[in-house]
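Protein chains in written order, with full-length UniProt numbering: chain A, 1 to 253; chain B, 1 to 253.
Hints are computed from structural coordinates only; laboratory data are not their basis. Be aware that a few hints might be false.
Identical chains share a label here; the pair holds if one copy fits it or two copies do between them.
To be verified - EDC-like cross-link-like pairs, simulated, lysine to aspartate or glutamate; straight-line CA separation at most 20 Å:
{"hint": "1", "residue 1": "66", "residue 2": "214"}
{"hint": "2", "residue 1": "66", "residue 2": "235"}
{"hint": "3", "residue 1": "73", "residue 2": "121"}
{"hint": "4", "residue 1": "66", "residue 2": "77"}
{"hint": "5", "residue 1": "66", "residue 2": "116"}
{"hint": "6", "residue 1": "66", "residue 2": "211"}
{"hint": "7", "residue 1": "73", "residue 2": "29"}
{"hint": "8", "residue 1": "73", "residue 2": "30"}
{"hint": "9", "residue 1": "73", "residue 2": "37"}
{"hint": "10", "residue 1": "66", "residue 2": "149"}
{"hint": "11", "residue 1": "73", "residue 2": "235"}
The model shown is predicted, which means the values in this text are computed figures rather than measured ones.
There are 2 protein chains.
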Amino acid sequence: MIFDQSDKPITPASDPFYRVLSRYFSLSEENRLTISDLERRRLTLRPTDNLVDRPARDRRAFVLLKGWTITYKILHDGSRQLLDCHVPGDILGFHCTQIQISDRFIEPLTEVEVAEFSIVDLMSAMNEGNGLSHALSWFLARDHAILVEHLINNGRRGALERVSHFFLELGVRMGQAGQSDPHDFPLPLTQYLLADMLGLSAIHVNRTLRDLRERELLIHRNGRVVILNAPRLSELCGFDPGYLMPAPRAILR
Amino acid sequence: MIFDQSDKPITPASDPFYRVLSRYFSLSEENRLTISDLERRRLTLRPTDNLVDRPARDRRAFVLLKGWTITYKILHDGSRQLLDCHVPGDILGFHCTQIQISDRFIEPLTEVEVAEFSIVDLMSAMNEGNGLSHALSWFLARDHAILVEHLINNGRRGALERVSHFFLELGVRMGQAGQSDPHDFPLPLTQYLLADMLGLSAIHVNRTLRDLRERELLIHRNGRVVILNAPRLSELCGFDPGYLMPAPRAILR
Numbered sequence: 001m002i003f004d005q006s007d008k009p010i011t012p013a014s015d016p017f018y019r020v021l022s023r024y025f026s027l028s029e030e031n032r033l034t035i036s037d038l039e040r041r042r043l044t045l046r047p048t049d050n051l052v053d054r055p056a057r058d059r060r061a062f063v064l065l066k067g068w069t070i071t072y073k074i075l076h077d078g079s080r081q082l083l084d085c086h087v088p089g090d091i092l093g094f095h096c097t098q099i100q101i102s103d104r105f106i107e108p109l110t111e112v113e114v115a116e117f118s119i120v121d122l123m124s125a126m127n128e129g130n131g132l133s134h135a136l137s138w139f140l141a142r143d144h145a146i147l148v149e150h151l152i153n154n155g156r157r158g159a160l161e162r163v164s165h166f167f168l169e170l171g172v173r174m175g176q177a178g179q180s181d182p183h184d185f186p187l188p189l190t191q192y193l194l195a196d197m198l199g200l201s202a203i204h205v206n207r208t209l210r211d212l213r214e215r216e217l218l219i220h221r222n223g224r225v226v227i228l229n230a231p232r233l234s235e236l237c238g239f240d241p242g243y244l245m246p247a248p249r250a251i252l253r
Numbered sequence: 001m002i003f004d005q006s007d008k009p010i011t012p013a014s015d016p017f018y019r020v021l022s023r024y025f026s027l028s029e030e031n032r033l034t035i036s037d038l039e040r041r042r043l044t045l046r047p048t049d050n051l052v053d054r055p056a057r058d059r060r061a062f063v064l065l066k067g068w069t070i071t072y073k074i075l076h077d078g079s080r081q082l083l084d085c086h087v088p089g090d091i092l093g094f095h096c097t098q099i100q101i102s103d104r105f106i107e108p109l110t111e112v113e114v115a116e117f118s119i120v121d122l123m124s125a126m127n128e129g130n131g132l133s134h135a136l137s138w139f140l141a142r143d144h145a146i147l148v149e150h151l152i153n154n155g156r157r158g159a160l161e162r163v164s165h166f167f168l169e170l171g172v173r174m175g176q177a178g179q180s181d182p183h184d185f186p187l188p189l190t191q192y193l194l195a196d197m198l199g200l201s202a203i204h205v206n207r208t209l210r211d212l213r214e215r216e217l218l219i220h221r222n223g224r225v226v227i228l229n230a231p232r233l234s235e236l237c238g239f240d241p242g243y244l245m246p247a248p249r250a251i252l253r
């Protein structure tokens with residue numbers, strides 16, 4: 001684990017978190033400096049490092065700046081449930097700092113760079129006027145909405161719909177953070193992890209990906225996803241990206 | 001739908017929302033007045049009324065004061081996924097006001113009384129000093145943690161564990177809001193709705209409830225749940241109520 005105190009200024013070009021928020025909210029110079037302050041303390045982690053292993057004892061949260069992580073919970077029988085995988089720009093661990101649990105974990109999938117901050121600093125940022133408190137509230141509500149869709153993936157969608165919905169979502173999230181084209185992005189999840197995420201067997205995921213490729217909807221190859229026909233794929237699984245966007249009135253205020 | 005402007009003062013005894021928050025956080029007189037103001041506008045609804053049917057157009061959220069509601073999402077094929085059922089003291093619809101969706105619904109299961117407020121007022125309450133901003137942040141994180149457990153119910157737990165975990169959770173929530181003994185509480189969910197909530201068939205739910213009764217762990221009869229042996233039931237499903245409680249450091253600040 002490598003620490004680094006950064007004095008690089010935050011700009012939309014360099015910072016995926018600022019990029020997501022400023023895409024929809026008009027942030028002041030004061031807001032930009034607050035985000036820059038929040039992100040001052042940087043950590044670089046390798047896949048074997050565990051970012052949060054005792055979240056209940058922790059009052060830190062993170063912004064993911066580079067790379068991918070997964071969040072999971074360990075059940076009492078030792079099995080684990082993946083909850084989400086995170087792309088640059090995401091806030092990690094906010095909810096964990098608020099509640100009395102010790103069974104949620106955040107693990108890097110690739111080499112990652114995060115900004116670490118105290119939850120107290122995030123909460124005073126949320127109290128800051130102008131757009132920032134609205135932007136951050138939206139961002140946390142978006143996390144909640146993503147979790148709702150993952151619950152629906154596991155509960156109501158068939159294999160074809162699950163895989164399609166999850167990939168379309170990841171594409172939008174990568175696009176919002178300015179990381180890639182929403183229809184052509186890297187995905188460092190193995191088929192085993194993907195299966196775990198979606199409540200399917202690895203064989204079933206493999207078969208579903210072949211099916212999607214044969215229908216010329218989507219290709220997943222060599223750690224990359226290419227969405228060939230987004231309108232048809234969205235129709236197939238009922239994907240509406242509205243849950244990833246702020247309500248118009250949230251923006252206009 | 002009946003509107004009522006209330007001037008009744010909020011006290012722990014009369015208000016389940018204040019009761020949950022003040023159980024863990026030391027709230028000032030100013031905080032108490034803010035909550036009282038938030039809850040001034042009361043609505044009474046019957047089971048046929050729909051509380052939020054176009055959440056995306058809405059900037060209102062609610063505190064449930066009396067009765068039970070369910071929250072669900074309608075999928076593109078017309079089927080629905082229950083996300084949670086709400087007990088007095090819960091905040092309803094907060095996340096919906098922040099994002100661009102129109103497919104989530106809140107429906108009363110019984111006659112309910114809610115306090116309706118504008119999301120702008122809630123957000124300025126969150127900016128209020130002292131304990132309130134911490135209490136509200138915890139409360140929203142708790143919503144997130146509940147959703148995580150419902151995802152795990154659907155993804156990882158067998159029928160016996162699902163039913164047990166859900167009932168133990170509801171008991172703690174009812175107890176936190178001062179509504180009943182956590183081990184003996186009313187439950188107006190039909191077996192059909194319960195099945196929907198837990199991703200099981202109604203027959204499977206029925207069989208599981210019989211099994212739990214025969215093991216002398218839990219009785220569900222005539223709209224009432226009685227938990228006979230909470231330690232053994234908790235052990236059976238790995239229930240740890242920590243996700244419903246604030247982190248110690250969240251309280252101590």
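Results of checking the hints against the structure:
{"no.": "1", "hint": "66 <-> 214", "verdict": "neither (33 Å within a copy, 53 Å between copies)"}
{"no.": "2", "hint": "66 <-> 235", "verdict": "neither (31 Å within a copy, 40 Å between copies)"}
{"no.": "3", "hint": "73 <-> 121", "verdict": "neither (26 Å within a copy, 34 Å between copies)"}
{"no.": "4", "hint": "66 <-> 77", "verdict": "neither (33 Å within a copy, 37 Å between copies)"}
{"no.": "5", "hint": "66 <-> 116", "verdict": "within (13 Å within a copy, 41 Å between copies)"}
{"no.": "6", "hint": "66 <-> 211", "verdict": "neither (32 Å within a copy, 50 Å between copies)"}
{"no.": "7", "hint": "73 <-> 29", "verdict": "neither (38 Å within a copy, 38 Å between copies)"}
{"no.": "8", "hint": "73 <-> 30", "verdict": "neither (37 Å within a copy, 38 Å between copies)"}
{"no.": "9", "hint": "73 <-> 37", "verdict": "neither (30 Å within a copy, 38 Å between copies)"}
{"no.": "10", "hint": "66 <-> 149", "verdict": "neither (24 Å within a copy, 29 Å between copies)"}
{"no.": "11", "hint": "73 <-> 235", "verdict": "between (32 Å within a copy, 17 Å between copies)"}
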